[in-house]
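J.: Turn these sequences into a full structure, and let the hints guide you.
Listed below are the residues making up each chain.
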Amino acid sequence: MSLYLYIFFGLTGLLLLLLFWALRKPRKSLAAHGGMSLPEECGCRHTAYLPQIQQALSKVDYDFVSQKGSRELLRRFRRERRRTVLAHLAGLREDFQNLLELARIVAVLSPEVAALQEFEKLRLTWKFRWRFERLRIAISLGNVRALDVSSLANVVSGLSVRLQKAIKEIGERAALASKLGSSFNGSGIHPV
Amino acid sequence: MIAEFQNLQQALWVANIAVAVLLLILVISRRNYRAFPAFALYLLTNTALSIWVFLTYKDLGFTSRFSWWFGWSMQAVSVGVRAVAVGELCKHLLARYRGIWNLVWRTLLLSAAILLIYSWVATKYQWQLAVVRAQRDLELAIAAVIVGVFVFMRHYGVEARAADCFMGLGYCLYSCFGVINNTILERYLDQYVTLWNFLEMLAFLGSLLLWSWAMREKVPEKAYEVELLPEGVYRTLTPELNARLESLNESLKRLWYPEAKQP
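If you read the sequences in order, they're chains P and L. For the first sequence, this note's numbering gives the first residue as 1, with consecutive numbering after it. For the second sequence, this note's numbering gives the first residue as 1001, with consecutive numbering after it.
Incorrect hints may have been included.
Here's a subset of chain P near chain L, in silico, CB distances under 10 Å, partners left out [said to hold, decoys possible]: (1) Phe9; (2) Leu73; (3) Leu99; (4) Ala107.
PhoX-like mimics (lysine-lysine), calculated; alpha carbons at most 25 Å apart, straight line [claimed, not checked]: (5) L/Lys1058 / P/Lys25; (6) L/Lys1091 / L/Lys1218; (7) L/Lys1091 / P/Lys25; (8) P/Lys121 / P/Lys25.
To be clear, the hints were calculated from the coordinates, so they are not data collected in a lab. Beta carbons: idealized from backbone N, C-alpha and C, even for Gly.
T.: As structure tokens, then:
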């Protein structure tokens, strides 16, 4: 069999795999979100626990346990801290996913979408996934820095606040648009 | 042996025509031609051409040069109409989301064009195989477009009705099979041609059954209306969001310190 036979077989196989993946029932559909009711649900729940996480990761606590506690206690302390950071990171990822989902809904419901922005979002998502996985593995192996975890949380939190503000504005504009639309009763004036 | 195989092939041909006619009746009786006019046209064209080609082969035989060229020309017409029907399905699936539809159709058209050029360039140029190759490339582009539209829908969380999924599956499986079949045919032209015809008809029968399942109920002519956001919201929000995602990525990057302290 020549090379191009393999190429076409491979392409066809890849297309079929992609099709069956795409046809699987999605975890969340647009209809399931019920349009603009999402903002209330997509708050960054996990960033609320940031002070506790910071406390759990504080150097003072670690030094205290390493000086006063036994080796067994220190080992357990490190294990528990690692588990907590991993759980917190998973939570941050969940927050990130929620915000991304919101961004998708905005794109789907927009009359105009810019290809560059969409591909940029896709690129950033893959980059985030790649870095997140590397980080998760690193923490599982024992590397963690409290300060950076908090900065990560701050970014997610900031993103949520800005988006919720923007969504509130959208809601107000949409309400205004429908009000204007009904006042002019389709006389050809664009409401916004 | 060959004569028996050709009889079997003719029987399958007749079966295909019968199923296609039944499907056409189903499409008309359920008034699904309103939702899928290009699909109805494809069925009509394909059935008419199949009968015509069948009669030509029956009169002149499978080895006649005229039959060969006539069969291939009709095949080209059929694939062309199917490409239009696939475009119609894509529009049916996504057109109500105006923004992403504009993005999707441009992207898919560009991908299909790149794929067509690539697959033409990737293989050695031979005139006698031009028709086989052109059909294969077109089939590949059709399959890529169908897969592409469903991937976009999954990415944006847009759910398709079961009938639309079956339609897409029918088109894609038939096209994928066409790619494999034509690739083998191109390589082993003489030994494979009878089997090629048979397998192609078998694949078409499978697709007809999938389409029949999709058409068993009335498909709404017009999908439900979606109330879109005011213009400008996307332009304001998305660059902001992307900038935030970028900074989040930067934070993750900063977290990656191999020399980090042990917890």
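J.: Measure nothing beyond the straight line between the CA atoms of L/Lys1091 and L/Lys1218; if it is 25 Å or shorter, mark the hint as holding.
T.: holds (18 Å)
J.: Going by Cβ atoms only, is P/Leu73 closer than 10 Å to chain L?
T.: violated (14 Å)
J.: Does P/Leu99 meet its interface restraint, that is, does its C-beta lie within less than 10 Å of any C-beta in chain L?
T.: Interface hint status for P/Leu99: holds (8 Å vs cutoff 10 Å).
J.: Hold the hint about P/Phe9 up to the distance rule: shortest CB distance to chain L must be less than 10 Å.
T.: Hint on P/Phe9: holds, closest Cβ of chain L at ~7 Å, below 10 Å.
J.: May I ask you to test the interface hint for P/Ala107 with respect to chain L, counting a Cβ-Cβ separation under 10 Å as satisfied?
T.: holds (6 Å)
J.: If you draw a straight line from the CA of L/Lys1091 to the CA of P/Lys25, is it 25 Å or shorter?
T.: holds (21 Å)
J.: Would you check the hint for P/Lys121 and P/Lys25, treating anything up to 25 Å between C-alpha atoms as holding?
T.: holds (23 Å)
J.: Keeping to a limit of 25 Å between CA atoms, is the pair of L/Lys1058 and P/Lys25 held or broken?
T.: violated (46 Å)
Of the numbered hints given earlier, the model fails hints 2, 5; all others are met.
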